[in-house]
Amino acid sequence: MSTISQLKKSLPKNIVLVGEENTRPFECDGLSVYKQKPMAVVLPNEVGQVKKVLEICRKNKTPIVTRGAGTGLSGGAMPIKDSVVLGLSKLTKVISINPEELTAVVEPGVRNLAISEAADEYDLYYAPDPSSQIACTIGGNVAENAGGVHCLKYGLTVQNIESIKILTIEGDELVFSRDDEGLGLLALMTGSEGLLGIITEITVKLTKKPEVAKLIMAGFDSVRDCANGVAEIIKNGIIPAGLEMMDEFAIQASEEFARPGYPLGSKALLLCELDGSEESVIPDVDTVVSLLSKASSIRVSESEEERLLLWKGRKSAFPAVGRISPDYYCMDGTIPKRHLADVLEKINALSKRFNLRVANVFHAGDGNLHPLILYDAGVPGELEKTEEFGNEILKLCIEVGGSITGEHGVGIEKLDAMCFQYSDAELDVFHQIKAAFDPQTLLNPGKAVPSLHRCAELGNMHVHQGNLPHPELERF
Amino acid sequence: MKTIGELQKKIRNASQLRISNSLDDSSDELLNMNSYSGVVEYFPEELVITVKAGTLIKDLSQTLRKKNQALPFFIEDDEKTIGSLYATAGSDLSDSVLGVQIINGKGDLLNFGGQVMKNVAGYDVSRLLVGSMGKLAVITQISFKVFPEKLAHERRINQQKKINDSPLREEIEQRLKNVFDPYGVFV
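Chains as they are written, first to last, in our numbering: chain A, 1 to 476; chain B, 1001 to 1187.
Excised from the complex, chain A in its bound form:
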């Protein structure tokens, strides 16, 4: 009996989707340039059904692609040919909110924002806030180790979860907690992109809402002055809740789109949010304003409406750019902050070389760059050119000691770039870790870690800690 007929026989009819029309909505995730229809999609209503899917797929050696809301930007949830997509978006129970312990226990399909909404009556919230937080699920957040604009102070997903329950490919349940004796298996599972197990329950940490939040907006005549401002703030012992930077093009696009009142003509814009108790925030605002002495304009939010309006420009930067260009490609490299101005200059030089426009928005506090490359997929060859440009940006990030992905994950998108960041011996460790959990390679196979063969074909361009292999050789 085939996988499909076994799934249909063992599970309620309405949760197994097959056929061209029913599976099409699942053919891609947020990275829509890559598409592939699966053999079937299963949308379980309870964990018992997840076990059933694992059992059937394991017996038939059918690959499984676990999916949350499908908002990921690296193709991590894109189906594989002849795979079963295991969509967990119907597992939406908030099992408990525990205000005393500052935790919530939730199923994987609960949306990120829904956790904060459920905790709101206790004046608590879930801190990590990826920009897709209205739609993305907590299970997907754990699988990707999702970030957001508040990571510098509040951490990534990995620092904001207490424990998870997983099912192994064998269908066995395991619990990994922060206080476990032994190896850091909770951290290993976080960001493992659906390759090691299926996350079925998550205990998240909740954070007390700050008494007050103030946003400082500063315009600069040069990117370097803005980057230096960022360094000054942190050197002076202030950890902003959010610290965001935008370049001239991004300022312009956002202003036209959302009218937040950004200083047009500035070369760079800094948004610095300070939160906490009244007695800590007010003096810190004064300190930050005095440290940003090179700013050409500066404004501090006077009201909650003003604060949210100033954020609205930044948060709508992506759709704002989407209005200007038929398509855009969002990068996600990270760099040590001291290289910010240099890297931005080089990205602009690459933009000229490839003849593709680029708008830059950064999580400046943690060195996470999101260059948006503008292109037109309708023009033959332009997507390929865009991807080549993107890979050049990622190489740049590694050369200065950064990473190819800060929060979006590798998925299928950055498999080649993984070859730049890691040596064969390091990639081999990743493959063996996968095999320790999933010896038959059934969970999201082919994602997240490139084969050594693939890297060899690329010419093994492993770049490490600022050093190219064989720097004496010329490269063209």
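By construction, these hints were calculated from the structure, which means they are not laboratory data. Note that the structure is a prediction, hence the values are computed from the model and not measured. Ideal Cβ placement from N, Cα and C applies to all residues, glycine included.
Derived Cβ-Cβ restraints for the label pairs, each shown as a range: (1) B:Ile-1157 x A:Val-379: 52 to 60 Å; (2) A:Ser-290 x B:Leu-1151: 15 to 23 Å; (3) A:Ile-134 x B:His-1153: 29 to 37 Å; (4) A:Glu-117 x B:Ser-1035: 53 to 61 Å; (5) B:His-1153 x A:Lys-294: 31 to 39 Å; (6) A:Leu-102 x B:Lys-1162: 13 to 21 Å.
Using the hints, position chain B against chain A.
Just chain B now, kept in the frame of chain A:
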């Protein structure tokens, strides 16, 4: 042991090794890490410090204090090395780890993570190995996220660890040991 090359050679030649904090280098079965010490790089404006594993915690803390910064995790005894704390610690320390350089049981020098706050490329090996008791690999170098002194203190929670005695977990830990140390060198 002063250089990576020396450490690699000793690991490759050994049939069994115990990583030690004693200064006794004479035994073939002991790998003394105390003399592999020092701050490699420190960028206060990045909140990042990279240190060799044999560095004494008190020396590390002193370097940070000069810039009004501190390690944001619980430290019981600052006469120990940072590597030995890493090997026995839990998630409070792991929250501040950004990257590690290690030598596996085959003598290969490997890097995982780095010096940036956000890095989701590849599995999180630099946090997986926190608490690994020196049984999987020799940790040679660690990068930490540090905090301004006044904020670091509130993050220092002495988290009590619990034994999770699931046989399956034990089996997974054993398989992971084999990934890093296939010949069973580290005891």
